[in-house]
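Keeping their order, the protein sequence lines are chains A and B.
Start counting the first sequence at 150; every next residue gets the next number (the numbering used here).
Start counting the second sequence at 5; every next residue gets the next number (the numbering used here).
Please note that the accuracy of each hint is not assured.
The calculated DMTMM-like cross-link candidates involving lysine to aspartate or glutamate, where the alpha carbons are at most 25 Å apart (straight line), are [unchecked claim]:
1. K212(B) to E246(A)
2. K264(A) to E279(A)
3. K212(B) to E290(A)
4. K264(A) to E208(B)
5. K350(A) to E279(A)
6. K395(A) to E278(A)
7. K343(A) to D330(A)
8. K343(A) to E290(A)
9. K264(A) to E278(A)
Hints in this document: simulated from the structure, not taken from any laboratory.
This structure is a prediction, so every number in the text was calculated from the model and none was measured.
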Amino acid sequence: MNAKADLPSESTIVLHDVTYSINGKASPPIIDCISLEIHVGETLVLLGRSGSGKTTLLKLINGLLSPQSGDVIVQGRPTCEWDAIRLRRGIGYVIQEGGLFPHFTVAQNIGLVPKLEKWEPARIAKRVEELLILVGLDPHEFATRRPHQLSGGQRQRVGVARALAADPLILLMDEPFGALDPVTRAELQREFSKLVRRLGKTIVFVTHDLREALLLASRIILLESGHIVASAKPQDFLHIDHPEVKAFASCIDDLPGAIA
Amino acid sequence: MSPLQFFIGHRAEILQATATHLTLVLIAMAIAVLIAVPLGMVIVQRPTLRNIALGIASVFQTIPSLALFGFLIPIPFIGGIGPRTAIVALVLYALLPILRNTYVGLTGIDAAVLQAAEAMGMTNTQILWRVRLPLALPVILAGIRTATIITIGVATIAAAIGAGGLGTFIFRGVAMVSNAVILAGAIPAALLAIAADLLLAWLERRLKVA
């Protein structure tokens, strides 16, 4: 893919004074003058409460939303200069509940972007099989199933496989494990953290779950009402002296106390 | 004369009327689908046009059918006595259910699915043809089913303006005070409606995912 050829620098995504609000200047911005560099191969977790702007930030990266001011630069080019379709084909996207196409089989879901990119059918079939194995699903059993014949965990696995199909350099994940039961969630988180190390992709991962952030992140960014209030490696994150960090940390601390 | 005797004695004529009836319905439905489905696709993106289109289609559906035939007769080119006027009226009658269901079907799709499609780099055209339409198809078909049944019913009244069809027997039977003649029109019309309903319901089930 041409996306690989023009890789410019160590930062694959750069946000420069980015502001975004829904009704232009009328309402308070959802993203308020954020600057951020995301490096090649890192797993950046955007942590925050509902409404803190983390999903919005994600959508600014693949051009689902456009900033009111500032630049979002992906692979050396502002998103407003990208052809939106090309930009998105080069970025994998995983959402809560998977967003799988109910009228497609698992194989068709995974093979969609390759098909849009006009790959040979044989190459698509091979890629689909490869990806199903990668996400821990038996191709013979699952390729021809429809999404409604899958469990929640299996759907998310297919969602991850679909996002990886055309081998994008960047992966955006919006609370991909949020709707799963705790056991399945923990299972997928563990597997995914291994997968991440093998793949070497640049990943931007949105969650409101601090445990998940600590497990998966190489860096955690904490958002509060459209601002970055903390940025740290997971091992340093809990030592940050900021009320919102403490608020998140207390959710973990409280748990054993609550049980006892 | 018993209805059965009348049926047997006039079977060729009844069959002919059934064929005419079915032709009226099929032509009207084909035109209505060709207008309402694309129009439904267009109004998804345009709220102003949507209100106008749905409003006008509702008005046609509100006008009593015999009155609608009456309104059309004096209109030049499309009006007059005969099957052409009848088809115009039937089309106008069939528009609303198809238009409304096309719109509802296309807009009632899981937001996560549409967002995923957009985020994966599908163009709007690809999203419409590969995601929205296939997922909306059972709902659109339900609209076509409703419209077909309405059209089969309203087409019996088309006989009043000389369009032929099974209504001919019903009107003639009423004039002659003959149950046998009325039933010769009413029974095949009812059977047509039931058959169309079953056929389209079956098709709808086949197309439904999950």
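Could you work out which of the previously given hints the structure breaks and list their numbers from low to high? 4 and 6
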